[in-house]
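Sequences listed follow chains A, B and C, in order.
Numbering of the first sequence is given in this note's numbering, commencing with residue 1 and proceeding in unit increments.
Numbering of the second sequence is given in this note's numbering, commencing with residue 1 and proceeding in unit increments.
Numbering of the third sequence is given in this note's numbering, commencing with residue 1 and proceeding in unit increments.
Hint data in this document are derived by calculation from the structure and do not stem from the laboratory.
Small disclaimer: the values here were computed from a predicted structure and weren't measured.
Honestly, I wouldn't trust all of these hints.
When the alpha-carbon atoms are kept at most 27 Å apart in a straight line, the in silico DSSO-like pairs for lysine-lysine are as follows [unchecked claim]:
no., chain 1, residue 1, chain 2, residue 2
1, B, K16, B, K247
2, B, K219, B, K20
3, A, K264, B, K219
4, B, K187, A, K118
5, B, K50, B, K247
6, A, K271, C, K287
7, C, K277, B, K247
8, C, K113, C, K131
9, A, K264, C, K254
10, A, K299, A, K199
11, A, K25, C, K254
12, B, K247, A, K299
13, B, K219, C, K277
14, B, K187, A, K25
15, C, K113, A, K271
16, B, K247, C, K287
17, A, K118, B, K193
18, B, K2, B, K193
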Amino acid sequence: MNFTFNEDDIAFQDAAHRVCADVLKTHAARYDETREFCQESLRALGELGFWSMNLPSEYGGVDISSIGMSLAVEEIAYHCAATCSSLTAHFLATDSVLIGATEAQRQALLPLCASGEKLGAFALTEPGAGSNPAEMRTRAVRTADGWHLTGTKHYITNGAFADFLVVYAKTDPDQGHRGISAFLVDRHTPGISFSSPEKTLGLRGSHIYEIDFDCVLPDDALMGEEGAGFATAMEVLDRGRVEVAAMSVGIARAAYDASIAWSKERIIAGKPLGRHQGIQWMLAEMHAQLEAARLVTYKAADARDSGQRFSLESAVAKLVASEAAAKVTDAAVQVHGGYGYISDLPVERYYRDARITRIFEGTSEIQKIIIGRAITA
Amino acid sequence: MKILVAVKRVIDYNVKIRVKPDHSDVDLSNVKMALNPFCEIAVEEAVRLKEAGVASEVVVASIGPQAVQEQLRTALALGADRAIHVDAPAALDALVIAKLLQAVVAAERPGLVLLGKQAIDSDNNQTGQMLAALMGVPQGTFASQLSVEGDALRVTREIDGGLETLELTLPAVITADLRLNEPRYAKLPDIMKAKKKPLDRWTPEELEVVVTAHQRLLKVEPPAERQGGIKVSSVSELVERLRNDAKVIS
Amino acid sequence: MKLLVLAEHHQGQLAAATAKVVAAARQIADCQQDANVEIDVLVAGFQVTEVAQGAAGIEGVSRVLLADSSVLDHQLAEPMGELLVTLADGYSHVLAAASTTGKNVLPRLAALKDVAQLSEIVAVIDEDTFKRPIYAGNAIATVQSLDPIKVITVRVTAFEAAANRDQTAPVSVLPVTAHNGHSLFVSESQAVSDRPELGSARVVISGGRGMGSGDNFALLDGIADALGGAIGASRAAVDAGYVANDLQVGQTGKIVAPELYIAVGISGAIQHLAGMKDSKVIVAINKDEEAPIFQVADYGLVADLFQALPELESALQRR
Numbered sequence: 001m002n003f004t005f006n007e008d009d010i011a012f013q014d015a016a017h018r019v020c021a022d023v024l025k026t027h028a029a030r031y032d033e034t035r036e037f038c039q040e041s042l043r044a045l046g047e048l049g050f051w052s053m054n055l056p057s058e059y060g061g062v063d064i065s066s067i068g069m070s071l072a073v074e075e076i077a078y079h080c081a082a083t084c085s086s087l088t089a090h091f092l093a094t095d096s097v098l099i100g101a102t103e104a105q106r107q108a109l110l111p112l113c114a115s116g117e118k119l120g121a122f123a124l125t126e127p128g129a130g131s132n133p134a135e136m137r138t139r140a141v142r143t144a145d146g147w148h149l150t151g152t153k154h155y156i157t158n159g160a161f162a163d164f165l166v167v168y169a170k171t172d173p174d175q176g177h178r179g180i181s182a183f184l185v186d187r188h189t190p191g192i193s194f195s196s197p198e199k200t201l202g203l204r205g206s207h208i209y210e211i212d213f214d215c216v217l218p219d220d221a222l223m224g225e226e227g228a229g230f231a232t233a234m235e236v237l238d239r240g241r242v243e244v245a246a247m248s249v250g251i252a253r254a255a256y257d258a259s260i261a262w263s264k265e266r267i268i269a270g271k272p273l274g275r276h277q278g279i280q281w282m283l284a285e286m287h288a289q290l291e292a293a294r295l296v297t298y299k300a301a302d303a304r305d306s307g308q309r310f311s312l313e314s315a316v317a318k319l320v321a322s323e324a325a326a327k328v329t330d331a332a333v334q335v336h337g338g339y340g341y342i343s344d345l346p347v348e349r350y351y352r353d354a355r356i357t358r359i360f361e362g363t364s365e366i367q368k369i370i371i372g373r374a375i376t377a
Numbered sequence: 001m002k003i004l005v006a007v008k009r010v011i012d013y014n015v016k017i018r019v020k021p022d023h024s025d026v027d028l029s030n031v032k033m034a035l036n037p038f039c040e041i042a043v044e045e046a047v048r049l050k051e052a053g054v055a056s057e058v059v060v061a062s063i064g065p066q067a068v069q070e071q072l073r074t075a076l077a078l079g080a081d082r083a084i085h086v087d088a089p090a091a092l093d094a095l096v097i098a099k100l101l102q103a104v105v106a107a108e109r110p111g112l113v114l115l116g117k118q119a120i121d122s123d124n125n126q127t128g129q130m131l132a133a134l135m136g137v138p139q140g141t142f143a144s145q146l147s148v149e150g151d152a153l154r155v156t157r158e159i160d161g162g163l164e165t166l167e168l169t170l171p172a173v174i175t176a177d178l179r180l181n182e183p184r185y186a187k188l189p190d191i192m193k194a195k196k197k198p199l200d201r202w203t204p205e206e207l208e209v210v211v212t213a214h215q216r217l218l219k220v221e222p223p224a225e226r227q228g229g230i231k232v233s234s235v236s237e238l239v240e241r242l243r244n245d246a247k248v249i250s
Numbered sequence: 001m002k003l004l005v006l007a008e009h010h011q012g013q014l015a016a017a018t019a020k021v022v023a024a025a026r027q028i029a030d031c032q033q034d035a036n037v038e039i040d041v042l043v044a045g046f047q048v049t050e051v052a053q054g055a056a057g058i059e060g061v062s063r064v065l066l067a068d069s070s071v072l073d074h075q076l077a078e079p080m081g082e083l084l085v086t087l088a089d090g091y092s093h094v095l096a097a098a099s100t101t102g103k104n105v106l107p108r109l110a111a112l113k114d115v116a117q118l119s120e121i122v123a124v125i126d127e128d129t130f131k132r133p134i135y136a137g138n139a140i141a142t143v144q145s146l147d148p149i150k151v152i153t154v155r156v157t158a159f160e161a162a163a164n165r166d167q168t169a170p171v172s173v174l175p176v177t178a179h180n181g182h183s184l185f186v187s188e189s190q191a192v193s194d195r196p197e198l199g200s201a202r203v204v205i206s207g208g209r210g211m212g213s214g215d216n217f218a219l220l221d222g223i224a225d226a227l228g229g230a231i232g233a234s235r236a237a238v239d240a241g242y243v244a245n246d247l248q249v250g251q252t253g254k255i256v257a258p259e260l261y262i263a264v265g266i267s268g269a270i271q272h273l274a275g276m277k278d279s280k281v282i283v284a285i286n287k288d289e290e291a292p293i294f295q296v297a298d299y300g301l302v303a304d305l306f307q308a309l310p311e312l313e314s315a316l317q318r319r
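Next up, chain A with everything else stripped away, as it sits in the complex (with noise of 0.2 Å):
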């Protein structure tokens, strides 16, 4: 067991601590406050290289390893969640095409995804199969002028901001799971329509959309082969929960960061807030819960770069993570009073910004499943 972080790790996290201090920082706010899409923080990613985290350098990227990746993403949510939250969807599309599409495809697409050109957004989810993909109602059928595809698609983060989308269908609906194809979709396409962006709870500068489907789609297309869509989704996922744990830990300990620092400037009765036991207690509480949540975060991206399957430990860290967050982010609130309640403060922003995390890309629920058939199997 060796604790310590290999110098690139450390370099990464430093290097995505500045910008994201300086820049992701100052925008945070403001985009939670007027629901703004973080296009700029994005952008400013972007050029520095951060889009590539995730791909290995024939396709553009760094080959950061998983660590130092978390590491990164971490110090993104820390100053902005929103704008983690839309760059680690932009992950999961690109994911998508690294594991499932054709070499060509990959060498078509990828470097302008790494180099910050091309955004993308990871298109599974439907309004009736959320946490069960096999039920999606989506169709694409193979026609002379090419894929027909047909059906509707929501929450998915990026949306209408995304150059193009990897959209998840089926192509044979008697197949079940292994029906299911996915498809490189430009986002100009005649026959796609966005809904609005939806009033969400959290993470406000990072917008979700339904997004209509009735549209034909050139022959190539199809990414990878035909019926694998089910399979590069749940690897997708895989990898994704591991970004969402970083995540989680990343508001977790701004809203940890916060409360400490509250607590030593605050005084009551005389003397600061964290000297009070009961304070003393809670923000003992939110410390042990973030380390926790470091550590399964770190375990689950070292297990992802040893190249054995990773679902166990990925769901353990997002459940342990997410939750996290969420009692976290709470407790800070509770820290500061009436004063978590309001926006002159970050804390009410992290509360909210937190609630998500245990949700999306699988619920705690999804996760509790995944990891009690793992362990009784």
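Since the structure of chain A is already known, use the hints to place chains B and C on it.
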């Protein structure tokens, strides 16, 4: 022209410092360290001079234990061409640092040496001036603007209440102030490339500099906390108190 | 014991900082029970005879050394350093204000004498030992010099100026042999403002995020003018885009220690306190009575600044 930039590893400027309970020093265990912000501005200026075709090579040097290589790598990622690590204990006197840098200068023969105006830990604001004196060359401290014109250097300095412009012969030493430029952020691919750039390690012995102590740090304390005063009930009471009790207004 | 003080002067005027550095020198001298204390003041520059006469009138000064030469015009670091090196032997301490001139020149002297420098001392413990702020004032270090000559810059806000006296010290004119083939003065521009410079103003009135907008900073103008003060701002106000960055008082901005500091609509974040907490008298005006600024304020007024400021302005003008 070759430019040498000297940089320092310091506590990250966002970190709130804590004094050790035994008052021996500031507690640096488990705190985030970074490139000193003024040094970063110096690196940026050197890289810009290279991009403008004024400089041919940017060499970055740092003095301290192994860990300073992290900051050298940051400087390499920002565009420096190669790095020199002078392996020495942390927190040496500025005079010793200046002597070590003088030895590096003697070996490298740069046309220009750039430094930050001060480190945000020791707040000394000395090293550049000392180095210039030891080298016997002119200095442009607290620089907010810099241009090379032939054999001369034109530097605008931030002085109390205004700006001063000087023309210096080269070689010269420049120390960077906050407004000299806005440093870029390192790009992830450049961080990876920085690993492949040359980094030489020298020792004070090899540079023939004797490391001696000129000062002794006896104690480090947190600043005295102010005692709270009184609340006044109105503007007129405030004015009355300032006039008659505190006697700070007439 | 002999101490040398480098006089601070601008445009033919002796700066008030000089008397404060002399005060620091006297404190050092007082540490030693030596009847033969001499404090010399060096006035170096071009056409600075009047400055020398001014320095001669500072209480405690034994002798003024006048180095008047065109080569010393604008007190460029290279000839100034050379001059100081020729003078420093025989002095146990060489002091200057931690101004941009003192900070520029003194380290050159220290290096050429092979001694370290003590920067920006705020207190004298004994003749070798001093207190100085580190980490932007977030810690105070007690440092002992092991060198034969102590080269020191002094944070002048930490010392009470030595008084003036009627009797003046003798002025000796020094021959100046320093030359300068390296640096050339081109131009100087003083920031144009009717108000005093933020760093040296006797009164500073600063606005924070509570000001609500950049336009509302105009509410501070009349008060600043009535008190002959400078206007400052908290980082929150700068970050919010209300005012330019050069008004920022705080750890990352200017560090001020005026006689009177008025904080308006400033909550009192640690970073701001680091920049103003050495002010002699602090007034806080804030509508939030729990604001941390009140913990450091000598006089706190819990009030809506939009009512309090016009009231304060007219009260000050009425006198």
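To see whether the hints hold, each was checked on the structure:
no., hint, verdict
1, K16(B) <-> K247(B), "violated, 35 Å"
2, K219(B) <-> K20(B), "holds, 10 Å"
3, K264(A) <-> K219(B), "holds, 24 Å"
4, K187(B) <-> K118(A), "holds, 18 Å"
5, K50(B) <-> K247(B), "violated, 57 Å"
6, K271(A) <-> K287(C), "holds, 22 Å"
7, K277(C) <-> K247(B), "holds, 19 Å"
8, K113(C) <-> K131(C), "holds, 23 Å"
9, K264(A) <-> K254(C), "holds, 24 Å"
10, K299(A) <-> K199(A), "violated, 35 Å"
11, K25(A) <-> K254(C), "holds, 23 Å"
12, K247(B) <-> K299(A), "violated, 64 Å"
13, K219(B) <-> K277(C), "holds, 21 Å"
14, K187(B) <-> K25(A), "holds, 19 Å"
15, K113(C) <-> K271(A), "violated, 50 Å"
16, K247(B) <-> K287(C), "holds, 25 Å"
17, K118(A) <-> K193(B), "holds, 24 Å"
18, K2(B) <-> K193(B), "holds, 21 Å"
When held up to the earlier numbered hints, the structure conflicts with 1, 5, 10, 12 and 15 and fits the remainder.
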